[in-house]
Every structure is written in C-alpha cells, then in structure tokens.
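Undergrad: Chains R and P are the protein sequences, given in the same order.
The first sequence: position 117 = 117 (UniProt numbering), numbered continuously.
The second sequence: position 161 = 161 (UniProt numbering), numbered continuously.
A portion of the hints provided could be inaccurate.
Chain copies aren't distinguished; within one or between two, either way the pair holds.
Said to hold, decoys possible - Distance condition first, Cα-Cα at most 20 Å in a straight line; then the derived DMTMM-like pairs of lysine to aspartate or glutamate: (1) Lys-290 to Asp-214; (2) Lys-180 to Asp-21; (3) Lys-290 to Glu-317; (4) Lys-180 to Asp-92; (5) Lys-180 to Glu-123; (6) Lys-290 to Asp-210; (7) Lys-180 to Asp-95.
It should be emphasised that the hints constitute simulated quantities derived from the structure, not laboratory data.
Treat the numbers as computed from the prediction; the structure is a model and nothing was measured.
In case you want the letters, here they are:
Number of protein chains: 2
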Amino acid sequence: MKLASLNNGSPDGRLHIVSRDLTRATAAPGVDTLQQLLESWDALVPALVAIYEKLNAGLVIDAIAFDPAQAMAPLPRAWQWLDGSAFDSHGDLMDKVFGMTKEQTGRPLMYQGVSDRFLGPQETSFFPSEGDDIDFEGEFGIITDKVPLGISADAAIGHIRLLVQINDWSLRRLAPIEMKTGFGWIQAKPPCAMAPVAVTPDELGNNWRDGRVDLNLVVHWNGKQFGAANGYAMSCGFQDLVAHAAYSRSLVAGTVIGSGTVSNSNYREIGSSCIAERRGIEMIDEGAPKTAFMRFGDTVRMETCLPDGQALFGAIEQQVAQTP
Amino acid sequence: MKLASLNNGSPDGRLHIVSRDLTRATAAPGVDTLQQLLESWDALVPALVAIYEKLNAGLVIDAIAFDPAQAMAPLPRAWQWLDGSAFDSHGDLMDKVFGMTKEQTGRPLMYQGVSDRFLGPQETSFFPSEGDDIDFEGEFGIITDKVPLGISADAAIGHIRLLVQINDWSLRRLAPIEMKTGFGWIQAKPPCAMAPVAVTPDELGNNWRDGRVDLNLVVHWNGKQFGAANGYAMSCGFQDLVAHAAYSRSLVAGTVIGSGTVSNSNYREIGSSCIAERRGIEMIDEGAPKTAFMRFGDTVRMETCLPDGQALFGAIEQQVAQTP
C-alpha cells in the first residue's frame, strides 16, 4: 500500500491512499492522519488495503488525480526522528573529510534530529548562508508503530510499518564543530524532506530483504545525475536500528528512523548521495576537494525505482534558497 | 502564573491553573492543553492570569485541592527537547570522569533528546540494568512559544514563556560510548521527568535575571541532601540557548530547552545535582570514585524554593525500578 498526506491546511495533512502507479488517490476513510493510522495500525489497515486494491484496479469512482505538488511529507511531523549512519563506505569517507577518528564500537551510530516538521517533496529549503556548506543527503527511512522497550531485532522487524525516502539536509561547515563536542548536531541538521509517498514493505517484493532496501536511490543535482547507490549495503538492518533505539526508551508510534546517507564502496563508479562524500573521494584521489557545496537556486532530485522502472516513493524535487 | 497538566487519561492531560502556594487548582477555561496555550499564548494568557489572581485570593469557588500525585509533566509530550550543558563546573568534571577532552569552542553545547513523553513528578523510572550506572540530573528548563529562524538572543528572551524543573535521567556506562561517536546520546538518555508545575518567569521576581534562575535546586538521594546548586552560574543565559537552537530551524511552540546539570564551582561545599559529578570530585580528591550509582528502589527528590521558602515548581519525587 502507498500512503500520502495531502495539504489541507492542518499540520498533519489529510491521509490519502495512492495507487501503485502514483496516478490516483483517495482520502482514507475513518482515519484522518498517518499518525492516527500508526497508533492503531492493525485495527485500521485492512480496510485501507481493500481500498488500495480497488484503487489499483480503477474501481474507486471518486478517486482524484495524485498531484505530488499537493503532498506534504507522508508524516508531516513526528514525535521522534532518529537518524542512523549504517553505510560504512560513507562513514569512512566522512571521518576523513571531517578529520575525525571515530572509535569502532560495532554499535549502530544514531542521533536524534528535528522532527516537528518534515518538509514536503517539493518544498523549498531555506538556509542562512551558502557559507555553511549546504549539502543534500539521500537516505531510506522506516516508520514504526509503537515499539516496546527492550525489543529484540527479530521482533522489531514486525514494527516496521512503512518505508520512506528522505533528504537529510546538512550544513557541513557546522557538522564537525558540533560533532567534536560529542553532543551530536543541532545547527548542522535543519529539517529533512520526504518523498511524497510512504509504502508498506510488501510493495518492494524481494527488494526488501534482511531489513534493507535493495534498490538504487538515484540523485540528480541541478539536473545532472550525481549518484545511484544501493540501499542493501547497510552494515545492519533497520530492525537492528529499531532495537538499538528501544534499549532504554519505548518508541512512540510514528517514530522515523533513517539509514544514513546511502553509499556503496564502488562510489567512484556509481557516485554518491551527498556532496561531502564526493569531496572525500577527491581528497583521497586528488589531494583536495574540488566539488563545491550547493549555491542558492540549486536543485536536487531523488528518486527510487523498482526493477520494472516504476517509481516507488515518488520524487523529492527541492530547491535551496536563502532564509528571507 | 503556575500551570499543571492533570491526568485525565489523554496523552496531553488537562491544563489547570495552580495557586501560587500549590494548594488549589482549577481547570483552564477555553484551552485544554498546555501545548494549545503555547501555540496561542498572547491571545489566551490574559484570561488565565485573571483566574490565577482570583485563585490566589481564594475567590474561585469550585477550585480543587492540588494533588501533585495527579500531575503529569506540565508538558507531558513535546515536539522538541534540546538539552544544553551550560554549567562549566559540571562540564569540566564530566570530561574528567569520561576521559574526554572537549574542544573549547565558546559555543553552547546542546543535544536533542527524547520528547514524546516527559514523566510526571512522581512516576517511577524504569531502567534495564543497574549495571548501566543510573544517575539523576537536576536541571532548570524553559518552554518557548514559536520562535522564528535566526532570532537574536535579545529577542529570544521574550519567547521564554515558562520555566520548569527537570530530572534528566542518564545511564553513565553508555554516555561516554555514545559521546565518542560524536552523534550524541540515544541509549544513555531515557525519558526525563518534570516537577508538577510550570511557572511564568515573573513568579521568580528578581531571581529570574539575565535569563538565569538565581535559586538553589535542592536534591535529596534516598532522603539525604545531596546538593543545592544555584542556577545563576550558567555560562550563558537561556536566551542564548534559544538563539543557538534557532540558527537553522525555527522552534516549534512547546520547545523545551534545558540548562544541563545545575552545578557551582564550590561543589565541595554545596554538593552536586548528579552522582557523576560527585564521582568526578572523588577522582580529583581521592584518586578514584567511591560513590556508587543508583540501585533499584532508590529515590530522588528535587525541589526549588523562593527565598521566602515557598516551593516554586513543586517537587520531583521519583523511584527507580527495573524494567518489568
């Protein structure tokens, strides 16, 4: 099933079921918001799945055309956003770029970020200054229902109700300054954006395996392809990230957990999901970074397709601009 | 004005106005929750202040006795909890305890923590294991209304609508492990608790100065006084913490910002607001820590009084127990 929250003037939007081919949508009956659905998933979801099948068959008479420009983030605000960093090839490069030597602990890396808003797929992102080194980060993410304290990874997989695609904006000048405090990021991590549609894991078929998304996240910067890294290279599955987070806190329904920047070790061939990673490669190969960070007016596009070419989440298509 | 959220079975509780002496309460008319009040503060607050004055004068006929055992946290869940570490005497000791050498940047320290629930003042806190080194942390905090992106510290002071007292639970075994990643804390920071009442800054009179609480936070551990540190020693005011947080994100109404563990440089005389700090002193003075962390069944009490002896926020009185 595919779900979107269309802008109706309220902070949570109006939950809609979207057809698999992303052409049609219909308001979810009996549940106004995705947050409400996640709080009562088992009770509410069967009726929605039945409508989803009718929608795909063209049998929902009053379906509307699905317009991603009207979509907010599928979950426009969340009580909790925990972002991992589960791609080793990315982490190793970042340590080089930031001049850090992170201790290898074998534990998942994770920080908590701003979650009172996730931007819609076509919303402009505003930043104070180009001098802060504006960067996009293409990620996959999951959304859970309520997860009990101390859950095992094996049990956690069943609490992964939805998959999403995220652009985790970063201000690279500030990231290492904040990281060196040990406290994580505040200024370096402005609000993220999400692709228009959240999908249940079954939409991926065999491309959802071992708690990982075995699909390429294709990133374009100013219209030119920048990367197409595969999500399967995570060093642990999303269920391990869920269990890690739930060690000393139960997870509220609607918790969003991110994979960290999608990255593969053959980044020289397939490219990167953020600029900082390319700069790290340049530092290794050429002695210094040469790719500049984003300028105001730049655009980024992120999209993930199934093997048959069908867009899975719809596209993130954002522009960056200076804070008015 | 003093405000509490009494347990009515809903996640946000029912907003009540509480008399200055904490003996009587009355439901806030026209606004059900503190979150709603914070979203429309200027429009709603004058009517509540008028009732508060009547309540203090004994003129609210149907007032109820205020029972802190019925109080949730004043803001039982928040979209954002940002905790600072603004007491240098605490930070210096922690670096010693954790074997860290934090770079001195002159910037406020801040991490984002779990905010989908703040425990009530008398709720038991459950933890997985005594072996995680359970510690309390006494803090002051502020709650803002909506704060625009890029606000100055001077303008930020006006967005500090309420002051609260917080017990920021910490698992000290995990804290340095997570800190060394640079990502901040997830497992080391379970949900905090709040004292029963949030107060407007005018309740402190001259003891609210320079964006600091010039009062002692008195901590008892298992009935024995452990510390009485004064909140004025912050290296920056709360308005500086607000401005720091709002550099690249506007702050949602109901953002809670903490001072970090209240600490004074004469900690040998006045004691500490957390166990780790005392252990740091013992490491300096005696070569090794000797005070053990908390055991299941232990209690902690935190209270702040005005110079006339009147309790300001009411007391946090919690017990720790093992996760069932």
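Undergrad: Could you tell me which of the numbered hints above are not met by this structure, giving the numbers in increasing order?
TA: 1, 2, 3, 5 and 6
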